[in-house]
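Chemist: Residue-level listing of the chains:
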Amino acid sequence: MRILNLIRVACRSLNRNKLRTVLTMLGIIIGVGSVIAMLAIGQGSNQNIKASVASLGTNAIMIVPGTTTQGGVRQGAATTQTIRLDDAETIKNRCDMVNYVSPVVQRRAQVISGSQNWSSFILGVKDDYLKIRSLSAAKGSTFTAFDDRTAAKVCLIGVTVVYNLFGSEDANPVGQMIRVNSIPLKIVGVLNKMGQNTFGQDQDDIIIAPFATVQKRLMSSTQYVNSIIASAKSEDQISDAVDEITNILRQNHKLAASDDNDFTVRTQSDLSNIFGSVSKVLTILLASIASISLLVGGIGIMNIMLVSVTERTREIGVRMAIGAKGRDVLIQFMIEAIVISFAGGMIGIAVGIFVSEIIAKFAGWPIVISLFSILLSFIFSTAIGLFFGWYPARKAASLNPIEALRYE
Amino acid sequence: MNNKEYLIVVKDLTKVYKTGDVEVYALRGISLNITKGEFVAISGASGSGKSTFMNILGCLDTPTAGSYLIEDKDVSGRNKNELAELRNSKIGFVFQSFNLLPRTTALENVELPMLYNNNVNSKMRNEKALNALTSVGLADRLWSMPNQLSGGQQQRVAIARALVNDPLIIMADEPTGNLDSHTSYEIMEIFQKMNDNGITIVMVTHEKDIAQFAKSNIVFKDGKIISNEIVDIRKNASVELKILTSLSENISTI
Ligand SMILES: Nc1ncnc2c1ncn2[C@@H]1O[C@H](COP(=O)(O)OP(=O)(O)O)[C@@H](O)[C@H]1O
Ligand SMILES: [Mg+2]
Numbered sequence: 000m001r002i003l004n005l006i007r008v009a010c011r012s013l014n015r016n017k018l019r020t021v022l023t024m025l026g027i028i029i030g031v032g033s034v035i036a037m038l039a040i041g042q043g044s045n046q047n048i049k050a051s052v053a054s055l056g057t058n059a060i061m062i063v064p065g066t067t068t069q070g071g072v073r074q075g076a077a078t079t080q081t082i083r084l085d086d087a088e089t090i091k092n093r094c095d096m097v098n099y100v101s102p103v104v105q106r107r108a109q110v111i112s113g114s115q116n117w118s119s120f121i122l123g124v125k126d127d128y129l130k131i132r133s134l135s136a137a138k139g140s141t142f143t144a145f146d147d148r149t150a151a152k153v154c155l156i157g158v159t160v161v162y163n164l165f166g167s168e169d170a171n172p173v174g175q176m177i178r179v180n181s182i183p184l185k186i187v188g189v190l191n192k193m194g195q196n197t198f199g200q201d202q203d204d205i206i207i208a209p210f211a212t213v214q215k216r217l218m219s220s221t222q223y224v225n226s227i228i229a230s231a232k233s234e235d236q237i238s239d240a241v242d243e244i245t246n247i248l249r250q251n252h253k254l255a256a257s258d259d260n261d262f263t264v265r266t267q268s269d270l271s272n273i274f275g276s277v278s279k280v281l282t283i284l285l286a287s288i289a290s291i292s293l294l295v296g297g298i299g300i301m302n303i304m305l306v307s308v309t310e311r312t313r314e315i316g317v318r319m320a321i322g323a324k325g326r327d328v329l330i331q332f333m334i335e336a337i338v339i340s341f342a343g344g345m346i347g348i349a350v351g352i353f354v355s356e357i358i359a360k361f362a363g364w365p366i367v368i369s370l371f372s373i374l375l376s377f378i379f380s381t382a383i384g385l386f387f388g389w390y391p392a393r394k395a396a397s398l399n400p401i402e403a404l405r406y407e
Numbered sequence: 000m001n002n003k004e005y006l007i008v009v010k011d012l013t014k015v016y017k018t019g020d021v022e023v024y025a026l027r028g029i030s031l032n033i034t035k036g037e038f039v040a041i042s043g044a045s046g047s048g049k050s051t052f053m054n055i056l057g058c059l060d061t062p063t064a065g066s067y068l069i070e071d072k073d074v075s076g077r078n079k080n081e082l083a084e085l086r087n088s089k090i091g092f093v094f095q096s097f098n099l100l101p102r103t104t105a106l107e108n109v110e111l112p113m114l115y116n117n118n119v120n121s122k123m124r125n126e127k128a129l130n131a132l133t134s135v136g137l138a139d140r141l142w143s144m145p146n147q148l149s150g151g152q153q154q155r156v157a158i159a160r161a162l163v164n165d166p167l168i169i170m171a172d173e174p175t176g177n178l179d180s181h182t183s184y185e186i187m188e189i190f191q192k193m194n195d196n197g198i199t200i201v202m203v204t205h206e207k208d209i210a211q212f213a214k215s216n217i218v219f220k221d222g223k224i225i226s227n228e229i230v231d232i233r234k235n236a237s238v239e240l241k242i243l244t245s246l247s248e249n250i251s252t253i
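Chains A and B supply the protein sequences, listed in that same order.
Letter 176 of the first sequence, counting from 1, is numbered 175 in numbering that gives the first Met the number 0, and no numbers are missing.
Letter 215 of the second sequence, counting from 1, is numbered 214 in numbering that gives the first Met the number 0, and no numbers are missing.
Quick caveat, the hints were computed from the structure, so don't treat them as lab data.
Take the hints with a grain of salt, since some may be wrong.
Label-pair distances were calculated between CB atoms; the ranges are [said to hold, decoys possible]: (1) Ile378/A / His205/B: 54 to 60 Å; (2) Ser397/A / Asn227/B: 34 to 40 Å; (3) Asn14/A / Asp73/B: 39 to 45 Å; (4) Val21/A / Val238/B: 38 to 44 Å; (5) Ser397/A / Asp73/B: 22 to 28 Å; (6) Cys10/A / Val23/B: 38 to 44 Å; (7) Asn227/B / Val21/A: 53 to 59 Å; (8) Arg102/B / Gln195/A: 37 to 43 Å.
Heads up, incomplete: computed chain A residues facing chain B, CB under 7 Å, no partners named [as the list claims (entries may be wrong)]: (9) Val8; (10) Ala9; (11) Arg15; (12) Arg106; (13) Glu314; (14) Val317; (15) Gly322; (16) Asp327; (17) Leu398.
Please read these numbers as outputs of a predicted model, since none were measured by experiment.
The beta carbon of each residue, even a glycine, is placed where N, CA and C say it ideally should be.
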């Protein structure tokens, strides 16, 4: 009953000073809004990274040239060539825990269709690669192991390539010929749209052709490959498969016991952890910067409440003279602070969600608004109201009614 | 001693203010009995201790020494919260400077004391505030803000606020100090009406003619009571108001 009255008293006071209330709230609104938006961006990129990595295939194992340091940073990978085609074949023949293996060669390539010209990226892979990455054709079909054995002049293309060569993503180019670095290839299928990955790369700007085709016709029969991708038979077997592959490659590369690996074997979850931890740090950083503004908002509340206590000294005196106890005045001012921060928090959440959506829409960044981040900023902002409202409220409650009434 | 008929019994009340090393004796042994239904006017020079005495009677302050009984119960040793409850239920204040909450309607100002009273629900609150404002003749100004009201009207809102919790006593420290004589008489008319309805009034005033509306006059000097007399020829505010209006009408016709 009494507390309801005090809530009413507090709301009336806030209502009497609308502009001041709104301005004080603004600090909390901006603080909460930016915390929500920053967490949305951070968590969005985190989830996007996970999804990108997962799109490699859940049981996927990548073998790339170069050694790894403790922190997982690959060194000099782009320049060293240590992995050969026969490594892939050895893995295929000797690893029991691996079901699919594909060498990967890649290079930039100029693509021509009629008068249209486009610079894209060509991948040479075995059909196993398509299975590991669960790639399939939206139109036409994929190539086969037979196409690879015969180095057939066929390819699959992504929708970005379709768009740039045939004018529209919806065009059906299956059966048409394109020239990739002057080599004519027949389009047998169009890949399902994949969109951008976390790093902003367009995954649809790609041409995939049989390994032998690219190796023999576009890369002058090189024996070195850019990487090997394999997949374990089951999730339980991934780490054993990694050991198996590592041993086989060490034998293949004739490394002495004291030599470091000249290659790196990574699983999908390794990659996910590496990129995930980076984005986690980023998220924490963004959120801490945003919470500073929330803190500043809280100090704003304290500032305004202190001014308000001084300004309303006489009012406090009148309230006490007509029967308000110190506790009533304390609660009134606490409620005022909490209402400001609570309402500011609510509006801030709405603003944060709105801003996040705008960012998602116009910057194209992925966002995730989690219940956690909403609850966090909500609790945080209310706690700030309590914390920063306490001191001014105490000051008001401890006023002497006679002196307060005499205050000019 | 028969205290039954006394609402307030004050004995040897002393108040000393200490500011640093200086001790100011504001009250030096005040003894006074006030019966139910009394209307006391206190006068005296500035600094003679009138306000200090009123503050103690009004439970806003505690005496340095002496005893103070309301309805036979000693209140001089009560703590702050108990005093607040006493003020809320038994005492109504009227100040010289009105002390209404700014930017708050007359109705809300009058509702204020009931917000700190657990025995009043919101329906009763509205009804009682309306009645109180009607009794001071402001039924048509419920939604006016203090700055839209004249001084007399503001003081009437303050009186309604003091009346609304049905107090035993009204404490008024120079209630007409900021008002012209005509408006002062109007306020006195309300005071006399309240007093006729059984409410005890203690009022500080330094205006001789205003003191004539009370039933008894007390004079303070240097923290002591130097005289306490029944008013022989008590003035009636309604009659005085009529004389005043007819006078001003005569002047305007001349
Ligand atoms: N809070 C205070 N601190 C110190 N001295 C005070 C205080 N209040 C009043 N006094 C002193 O007490 C005396 C009585 O003051 P007061 O009761 O206000 O007189 P009055 O109302 O009759 O003019 C004065 O000398 C005044 O200076
Ligand atoms: Mg005084």
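Chemist: Taking the hints in turn, state whether each one holds.
Modeler: Structure-based check of each hint:
1. With their beta carbons about 58 Å apart, Ile378/A and His205/B fall inside the hinted range of 54 to 60 Å.
2. One distance hint, 34 to 40 Å for the beta-carbon pair Ser397/A and Asn227/B, holds here, with the actual separation near 38 Å.
3. Evaluation of the 39 to 45 Å hint for Asn14/A and Asp73/B yields a pass: the beta carbon distance comes to about 42 Å.
4. Against the hinted window of 38 to 44 Å, the Cβ-Cβ separation of Val21/A and Val238/B comes to about 54 Å, which falls outside the hint.
5. Between Ser397/A and Asp73/B the beta carbon distance is about 26 Å. The supplied range of 22 to 28 Å therefore holds.
6. Checked against the hint of 38 to 44 Å, the pair Cys10/A and Val23/B passes, with Cβ atoms roughly 42 Å apart.
7. The beta-carbon spacing between Asn227/B and Val21/A, approximately 57 Å, falls within the hinted interval of 53 to 59 Å.
8. In this structure, Arg102/B and Gln195/A break the distance hint of 37 to 43 Å, their C-beta atoms being roughly 56 Å apart.
9. Contact between Val8/A and chain B, as hinted, is supported at the beta carbon level, the nearest pair being about 6 Å apart and thus within 7 Å.
10. Interface restraint check: Ala9/A against chain B, minimum CB-CB distance 11 Å, threshold 7 Å, status violated.
11. Interface hint at Arg15/A: satisfied, since its Cβ lies 5 Å from the closest Cβ of chain B, which is below the 7 Å cut-off.
12. Annotation: interface hint on Arg106/A violated; nearest CB of chain B at approximately 76 Å, more than 7 Å.
13. Among the interface hints, the one on Glu314/A holds; its C-beta lies about 6 Å from the nearest C-beta in chain B, closer than the 7 Å criterion.
14. Against a cut-off of 7 Å between C-beta atoms, the interface hint on Val317/A holds, since the closest Cβ of chain B lies about 5 Å away.
15. Because the beta carbon of Gly322/A sits about 2 Å from the nearest beta carbon in chain B, less than 7 Å, this interface hint is met.
16. Interface hint at Asp327/A: satisfied, since its Cβ lies 6 Å from the closest Cβ of chain B, which is below the 7 Å cut-off.
17. The closest approach between the C-beta of Leu398/A and any C-beta of chain B is roughly 11 Å, which is over the 7 Å cut-off, so the hint fails.
Consistency with the previously given hints fails for numbers 4, 8, 10, 12 and 17, ordered from lowest to highest.
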